[in-house]
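Given chain A's structure and the hints, the job is docking chain B onto it.
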Amino acid sequence: MKSFKILVLLIIGCVMLNFIAACVQKTNRINTAGSTTILPIVQAAAEVYMQKNPKINISVRGGGTGIGIKSMINETIDIGNASRKINKRESDLIDKKNLIETAIARDAISIVIHKDNPIVELTLKQLKKIYSGDINNWRSVGGNDKKIIVISRDISSGSFEVFNEVVLDSTMVKNDAMKLSSNNAVATAVSYTPGAIGYIGLGYVRNELKVLKIDGVLPTCKTAMNNEYKLTRFLYMYTTDTPKKLAQDFIDFILSQEGQKIVEEQGYVRIKCFE
Amino acid sequence: MFKGITYTASLFTIIVLFGIIATLFSEGLPILKHVNIKDFLTSPNWHPTHFPADFGILSLIVGSLVVTAGALIIAIPLGLGSAIYISEIAGTRSKEIIKPIIELLAGIPSVVYGLFGMAFLSPFLIKVFGIPTGLNAFSASIVLGVMVVPIISSMSEDALSTVPRNLREASFALGATRWETIVQIVLPAARSGVVGSIMLGFGRAIGETMVVIMIAGGAAQIPKSIFQPVRPMTAAIASEMGETVIGSPHFHALFGIAIVLFFITFITNLITEFVFLKKRK
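Those protein sequences? They're chains A and B, same order as listed. Residue 65 in the numbering used here sits at position 65 of the first sequence, and the numbers go up by one each step. With the second sequence counted from 1, adding 275 to any position gets you the numbering used here.
Just so you know, the hints here were simulated from the structure itself, not pulled from any lab data. Think of the CB as a built atom: it goes at the ideal place given N, C-alpha and C, for glycine as much as any other residue. Treat each hint with caution, since some may be false.
Unchecked claim - Here are the in silico distance ranges between beta carbons for each label pair:
hint, chain 1, residue 1, chain 2, residue 2, range
1, B, Ile521, A, Arg29, 21 to 27 Å
2, A, Asn136, B, Ala513, 39 to 45 Å
3, A, Leu218, B, Gly405, 51 to 57 Å
4, A, Ala103, B, Ile534, 38 to 44 Å
5, A, Pro54, B, Leu304, 26 to 32 Å
Unchecked claim - Listed next, the in silico DSBU-like pairs over lysine-lysine satisfying Cα-Cα at most 35 Å (straight line):
hint, chain 1, residue 1, chain 2, residue 2
6, B, Lys278, A, Lys174
7, B, Lys313, A, Lys115
8, B, Lys313, A, Lys129
9, B, Lys308, A, Lys128
10, A, Lys55, A, Lys245
11, A, Lys174, A, Lys146
12, A, Lys213, B, Lys308
13, A, Lys213, A, Lys146
14, A, Lys128, A, Lys146
15, B, Lys499, A, Lys213
16, B, Lys313, B, Lys499
17, B, Lys402, A, Lys174
18, A, Lys174, A, Lys245
19, B, Lys308, A, Lys88
20, A, Lys210, B, Lys499
21, B, Lys402, A, Lys210
22, B, Lys313, A, Lys128
23, B, Lys308, A, Lys70
24, A, Lys128, B, Lys402
25, A, Lys244, A, Lys52
26, A, Lys85, B, Lys308
27, A, Lys129, B, Lys499
28, B, Lys402, A, Lys146
29, A, Lys88, A, Lys128
30, A, Lys213, A, Lys147
31, B, Lys308, A, Lys174
32, A, Lys245, A, Lys261
33, A, Lys129, B, Lys402
34, B, Lys370, A, Lys125
Stated by the list, open to error - Which stretches of chain B does chain A cover? Using the computed rule of at least three CB atoms under 8 Å from a CB of chain A, they are:
hint, segment
35, 389-397
36, 484-498
With the rest of the complex left out, here is chain A:
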């Protein structure tokens, strides 16, 4: 019978733990969810912000841009993170309330190849053909006779989504493209694979890699700023038109010089160039 007592005790313990957790939740809390592309920025910013304001608790969840915007509309969260602009279908769901859209960072997807590869630039069209499998040899784009090893980000990555949208339009990435799970994995693989091509965030570019011009433009802070570089996009945070003061504070923090530094540390491009 004693085992039964222990079981009961355990259950009571669990219930009490839940109760305590629920109490904590009522204190100063900001809930955010949405795009996983922005997740690293929000997580890093939340850590610094919570260190500065120990009483405030920020919950950061992913789920994808669609989920972020939907939960925002249902007011289950305070800030919805989005790696694209809200679309018509979603904005129709909001009748009275207006959304406030704040761009918090830019993302410039850089195309990188092995440093011994003589190619210096590609057009967007050539890039599309390489990733969809129409071009398989570097010779076809003016390089050496070498098979192209196509490296893509993994299916669930936000960069993969944007790359597919901007570069591939609606064609599929070819089946034998390698799919690696992080920016760093792509950078490392490209650095030692002579025939490789891959795409990474601007923050991950390093000396062992060669960055390609796309349609004649090299990705830099400046070309991302003035939209000359084609593979650029904004990352957004959405709130209702009457955001919680706390939520507004947190967004202001990300937009501050310190917050924008975090943006850069996470491999993205800041909204304003301070240089």
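Chain B only, in chain A's frame:
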């Protein structure tokens, strides 16, 4: 009192197991609403986030099997060889040194193996074989093979050392050489243990996730050679699950893959059990 505690513990384990199986099926079966079972298992096109999506996992299954088979081809001779050496040939002293060293291999976390494969093995293979990419089924097989060696080695060694001494002595007395004794007397006598160790190694290799995410290359294709990248089932589940929307077809498809994986390991375990039972009879 003691009986009660141990009883609760074992009951708890069983409940957890059934809980996992129930979740697996309740979350995985709904994928059949979006794609019929034949397409799910036999189509090689895996484009879960494309619109319209393709949910064919054949290339993932093939990826897992290729990598696992490669790992076993490497691990069986190495593992069995070292087991025979330790149990039958080595003196007490070298046995005491070699055995723990091989078992040390089992203690290395898989992410460390993955790093080794990514940073060292893969560039090395490009240089040596001149292959276009170092992240492929071949390099994943090598690393998995090394990971499986200690399992096969230590379990087979246990099985070999339980073979009664008088069997060996009888064989020597009949004039058999040491080699003949090992191959024709000791190995057959320890057969079930050896097969069990290989099955366990199989389970370890097919279930390994981190290493294949890092080194197998991740391309969802049916490879034309072992030097092409593949996407084993575990890699697909682990790298895609974190970012799917709960309840979406993609989410159910990943659970569907888990069911397939579960069946493969379940059947292997059944075979292993069967082999052991047969021996006891």
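Now for the hints, and whether the structure bears them out:
no. : hint                               : in the structure
1   : Ile521(B) to Arg29(A): 21 to 27 Å  : holds (22 Å)
2   : Asn136(A) to Ala513(B): 39 to 45 Å : violated (30 Å)
3   : Leu218(A) to Gly405(B): 51 to 57 Å : violated (32 Å)
4   : Ala103(A) to Ile534(B): 38 to 44 Å : holds (43 Å)
5   : Pro54(A) to Leu304(B): 26 to 32 Å  : violated (46 Å)
6   : Lys278(B) to Lys174(A)             : violated (59 Å)
7   : Lys313(B) to Lys115(A)             : violated (45 Å)
8   : Lys313(B) to Lys129(A)             : holds (32 Å)
9   : Lys308(B) to Lys128(A)             : holds (33 Å)
10  : Lys55(A) to Lys245(A)              : holds (14 Å)
11  : Lys174(A) to Lys146(A)             : holds (18 Å)
12  : Lys213(A) to Lys308(B)             : violated (45 Å)
13  : Lys213(A) to Lys146(A)             : holds (20 Å)
14  : Lys128(A) to Lys146(A)             : holds (18 Å)
15  : Lys499(B) to Lys213(A)             : holds (33 Å)
16  : Lys313(B) to Lys499(B)             : holds (23 Å)
17  : Lys402(B) to Lys174(A)             : holds (26 Å)
18  : Lys174(A) to Lys245(A)             : violated (47 Å)
19  : Lys308(B) to Lys88(A)              : holds (29 Å)
20  : Lys210(A) to Lys499(B)             : holds (30 Å)
21  : Lys402(B) to Lys210(A)             : holds (20 Å)
22  : Lys313(B) to Lys128(A)             : holds (32 Å)
23  : Lys308(B) to Lys70(A)              : holds (25 Å)
24  : Lys128(A) to Lys402(B)             : holds (29 Å)
25  : Lys244(A) to Lys52(A)              : holds (19 Å)
26  : Lys85(A) to Lys308(B)              : holds (32 Å)
27  : Lys129(A) to Lys499(B)             : holds (22 Å)
28  : Lys402(B) to Lys146(A)             : holds (15 Å)
29  : Lys88(A) to Lys128(A)              : holds (27 Å)
30  : Lys213(A) to Lys147(A)             : holds (20 Å)
31  : Lys308(B) to Lys174(A)             : holds (27 Å)
32  : Lys245(A) to Lys261(A)             : holds (23 Å)
33  : Lys129(A) to Lys402(B)             : holds (28 Å)
34  : Lys370(B) to Lys125(A)             : violated (63 Å)
35  : 389-397                            : holds (count 3)
36  : 484-498                            : holds (count 7)
Checked against the numbered hints above, the structure breaks hints 2, 3, 5, 6, 7, 12, 18 and 34 and satisfies the rest.
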